[in-house]
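Participant: Next come the chains, spelled out residue by residue.
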Amino acid sequence: MNIYVKAFLITVLVFIFGLFVGLNIERFMLSNLESRSSSIESSIRDIELELLYFQGLGEKDSCTFLKEVVRKTNNMLDVMADQLGSYNEKDILFTSGQIADVKATYTSLLIKDWILQDRIKKECNSTVVSVLFFYSTKDCDDCVVQGDVLTLLKDTFKDKLMVFPLDVDVDSNMVDILMSKYGVKSEPSLVINGQLYSSIMQKDRLKSIICSGLPGAPECA
Amino acid sequence: MFYPLFMFSVLFVGVYTVAWFLLAALSGMSKLHEKIVWNRQPTISILVPARNEEKHVTKSLESLAGLDYPKDKLELIVIDNGSTDKTPALAKQFKKKFLGRLKVKIFTVPAPGKGNALNEGMKHATGELIGVLDADTFVMSDCLSKMAPYFKDASVGAVTNYVKPAEAKGILASLQNIEYTFGSFSKKIMSMLDSLYIIPGTLSLIRRSVIKKIGFSSDTLTEDMDAALCILKSGHRIENNMDAVAYTAVPTDFAGLLKQRVRWYRGFIENVAKHSDMLFNKKYPHLGNFVLPFSSFLAIFVGISLTFVLLANLLDTAILSIRRFFYVPFGGTLDLLAISLRTFSLVKLFVSPYSTITYALILASSLLAVVVAFRLQRIRLRSNLLMLPLYFFVYYTMIMIFWAVSIAAELAKFRKRW
Numbered sequence: 000m001n002i003y004v005k006a007f008l009i010t011v012l013v014f015i016f017g018l019f020v021g022l023n024i025e026r027f028m029l030s031n032l033e034s035r036s037s038s039i040e041s042s043i044r045d046i047e048l049e050l051l052y053f054q055g056l057g058e059k060d061s062c063t064f065l066k067e068v069v070r071k072t073n074n075m076l077d078v079m080a081d082q083l084g085s086y087n088e089k090d091i092l093f094t095s096g097q098i099a100d101v102k103a104t105y106t107s108l109l110i111k112d113w114i115l116q117d118r119i120k121k122e123c124n125s126t127v128v129s130v131l132f133f134y135s136t137k138d139c140d141d142c143v144v145q146g147d148v149l150t151l152l153k154d155t156f157k158d159k160l161m162v163f164p165l166d167v168d169v170d171s172n173m174v175d176i177l178m179s180k181y182g183v184k185s186e187p188s189l190v191i192n193g194q195l196y197s198s199i200m201q202k203d204r205l206k207s208i209i210c211s212g213l214p215g216a217p218e219c220a
Numbered sequence: 000m001f002y003p004l005f006m007f008s009v010l011f012v013g014v015y016t017v018a019w020f021l022l023a024a025l026s027g028m029s030k031l032h033e034k035i036v037w038n039r040q041p042t043i044s045i046l047v048p049a050r051n052e053e054k055h056v057t058k059s060l061e062s063l064a065g066l067d068y069p070k071d072k073l074e075l076i077v078i079d080n081g082s083t084d085k086t087p088a089l090a091k092q093f094k095k096k097f098l099g100r101l102k103v104k105i106f107t108v109p110a111p112g113k114g115n116a117l118n119e120g121m122k123h124a125t126g127e128l129i130g131v132l133d134a135d136t137f138v139m140s141d142c143l144s145k146m147a148p149y150f151k152d153a154s155v156g157a158v159t160n161y162v163k164p165a166e167a168k169g170i171l172a173s174l175q176n177i178e179y180t181f182g183s184f185s186k187k188i189m190s191m192l193d194s195l196y197i198i199p200g201t202l203s204l205i206r207r208s209v210i211k212k213i214g215f216s217s218d219t220l221t222e223d224m225d226a227a228l229c230i231l232k233s234g235h236r237i238e239n240n241m242d243a244v245a246y247t248a249v250p251t252d253f254a255g256l257l258k259q260r261v262r263w264y265r266g267f268i269e270n271v272a273k274h275s276d277m278l279f280n281k282k283y284p285h286l287g288n289f290v291l292p293f294s295s296f297l298a299i300f301v302g303i304s305l306t307f308v309l310l311a312n313l314l315d316t317a318i319l320s321i322r323r324f325f326y327v328p329f330g331g332t333l334d335l336l337a338i339s340l341r342t343f344s345l346v347k348l349f350v351s352p353y354s355t356i357t358y359a360l361i362l363a364s365s366l367l368a369v370v371v372a373f374r375l376q377r378i379r380l381r382s383n384l385l386m387l388p389l390y391f392f393v394y395y396t397m398i399m400i401f402w403a404v405s406i407a408a409e410l411a412k413f414r415k416r417w
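As they're listed, the protein sequences go chains A and B.
If you read the first sequence in numbering that gives the first Met the number 0, its first letter stands for residue 0, the second for the next number, and so on.
If you read the second sequence in numbering that gives the first Met the number 0, its first letter stands for residue 0, the second for the next number, and so on.
So here's chain A without its partners, still in its complex pose (with noise of 0.2 angstroms):
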């Protein structure tokens, strides 16, 4: 046998090890993502029957119970948008199509906790600014800085501020009608308490447009 047949054996079983280290790298971040968009999606169902009981019997305490339950719930999903953040489609060879499935299912449950929580809000008439960030991941430097500002300003507001960042070549309807009704036509564009900014913005404009939809907060001062 010569060196040219050995060599491309040898080179044959690294590729297929690359491959296999591959395959079950995209296996292990898909588990993941799916089991936290899982258990996302339970989390929001207990919003939903909670929000149903309470609504019934108009207690006080109901307000606090559900806004720890919307915090903890919001985490999540912050934790699974970094984890899709850094999943960038074109370095996936195997599982493109459930990882746009669960970007599907993430998705609308961002919708669902936004429509949620806005219901919260007048419930329990609580001061929280909420933004929709329509972004790109396709060629938009400027989505990922407005993204970095975003996050910035939400260490700072913790929970006052709550973001919810939508991927506009997602498939999915909600995000078509959302789009629509803000006339949103370019990435990256805001939609703060129900205003639209189609532009990107500096770190001190977008806070003070936060700071008005929440007077006297201590972060504004």
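Keep in mind the hints are simulated off the structure, nothing from the lab.
Predicted model, so just to flag it, every value in this text is computed and none were measured.
Do not rely on the hints blindly, as some may be mistaken.
To be verified - Think about it this way: if two alpha-carbon atoms lie no more than 30 angstroms apart in a straight line, the pair counts; the simulated DSS-like pairs of lysine-lysine are:
{"id": "1", "chain 1": "A", "residue 1": "Lys66", "chain 2": "A", "residue 2": "Lys159"}
{"id": "2", "chain 1": "B", "residue 1": "Lys258", "chain 2": "B", "residue 2": "Lys412"}
{"id": "3", "chain 1": "B", "residue 1": "Lys122", "chain 2": "B", "residue 2": "Lys104"}
{"id": "4", "chain 1": "B", "residue 1": "Lys85", "chain 2": "B", "residue 2": "Lys168"}
{"id": "5", "chain 1": "A", "residue 1": "Lys5", "chain 2": "B", "residue 2": "Lys282"}
{"id": "6", "chain 1": "B", "residue 1": "Lys91", "chain 2": "B", "residue 2": "Lys70"}
{"id": "7", "chain 1": "B", "residue 1": "Lys281", "chain 2": "A", "residue 2": "Lys5"}
{"id": "8", "chain 1": "B", "residue 1": "Lys282", "chain 2": "B", "residue 2": "Lys151"}
{"id": "9", "chain 1": "A", "residue 1": "Lys5", "chain 2": "B", "residue 2": "Lys30"}
{"id": "10", "chain 1": "B", "residue 1": "Lys232", "chain 2": "A", "residue 2": "Lys5"}
Unchecked claim - Cβ pair distances, simulated, as ranges:
{"id": "11", "chain 1": "A", "residue 1": "Ser179", "chain 2": "B", "residue 2": "Phe413", "range": "52 to 58 angstroms"}
{"id": "12", "chain 1": "B", "residue 1": "Gln259", "chain 2": "A", "residue 2": "Asn23", "range": "43 to 49 angstroms"}
{"id": "13", "chain 1": "A", "residue 1": "Asp77", "chain 2": "B", "residue 2": "Phe300", "range": "39 to 45 angstroms"}
{"id": "14", "chain 1": "B", "residue 1": "Gln259", "chain 2": "A", "residue 2": "Asp77", "range": "51 to 57 angstroms"}
{"id": "15", "chain 1": "A", "residue 1": "Asp154", "chain 2": "B", "residue 2": "Leu380", "range": "45 to 51 angstroms"}
{"id": "16", "chain 1": "B", "residue 1": "Leu313", "chain 2": "A", "residue 2": "Ser197", "range": "30 to 36 angstroms"}
{"id": "17", "chain 1": "B", "residue 1": "Leu362", "chain 2": "A", "residue 2": "Asp138", "range": "27 to 33 angstroms"}
Claimed, not checked - If you only want the chain A side, here are some residues facing chain B, beta carbon under 10 angstroms, derived:
{"id": "18", "residue": "Ile2"}
{"id": "19", "residue": "Phe14"}
{"id": "20", "residue": "Leu22"}
{"id": "21", "residue": "Ile24"}
No residue lacks a Cβ here, since even glycine has one placed at the ideal position from N, Cα and C.
Here the structure of chain A is known, so what remains is to put chain B in place on it, guided by the hints.
Facilitator: Below, chain B without anything else, positioned relative to chain A:
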């Protein structure tokens, strides 16, 4: 989908080249230091082309005077190739010093071009063998006695030796030392597969009857590769002796290295184009089918791709950082640090599984090749251990940029011509 596939084809080519090299090295392991004995000592004319080499020429010539080869069978021919410094004077001084003990001839060729100088020298050479020594290189005294016996075999057209960088201090010199240790070894391996395609001016020996028919040409930037390919084409073999050592001056600064490498790599491209009839030619099974087209060109393509993917990501990160700085002006140091870490796209490059796997496996296999090359030569790697990361991550990147520059220069020339 495209990106991992691209990365994995890069992986395939990279690993294949290394695997092929390692297998070739291991199969030739026992023949690395073979000694050839020949009771005859052929006459040798050594050509020393020199152009403004006042710094090195004396050391170079003195090393020839110190050779343990019989002096009556030696002839030195110094060709001053249009020097404007003290080189001709130093050569004359050397001739005077060894007058009556060593035959030294000095000629002047004003027109630049090493090929012209060598051809002029050839006219005056009388030896059975021709040696070529650049005036910036010096040799160990046993060089010729170790190399000449190969010519016992009539099919041998040329014999090359083992090249080391002359002692030089600094990081760039140590990095080139690693490169030469690997490169000189791989030349031995290639010679065993009849694929050695270069006869450098480090006292390579050529049979006069062979080079006489071919001559040295000046139509490519590296006449030493051209001559080697012509020798192979004439049906002769090129051997290599690892124990005959030559020390060559290496560039000590970036600009010097860039200039040298662009000349080498452009010369390589020009020679492959000039001798393209050798590609995929059955007469040169290893050289034509693998070494020239794949292990050289494709491996360089792989190197350039990997380097530029890395550089593109670095650039991307830099641009993003600047933008971020603009949009998060008063974030505070901690904030900026946290954010940079989150979206540092170089990190992302390694977070994506397939690029990580490709980079890791190619690095591992290249490291293995270097380790094997050092081990088989019984050279301690330990003293170079600190330099290895620098070698792989910085020096290699630099070399690949030089390759890219050379390819661009050749393409520009090609376009001009049409």
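Participant: So which of the earlier hints does this model not fit?
Facilitator: Result: no hint breaks.
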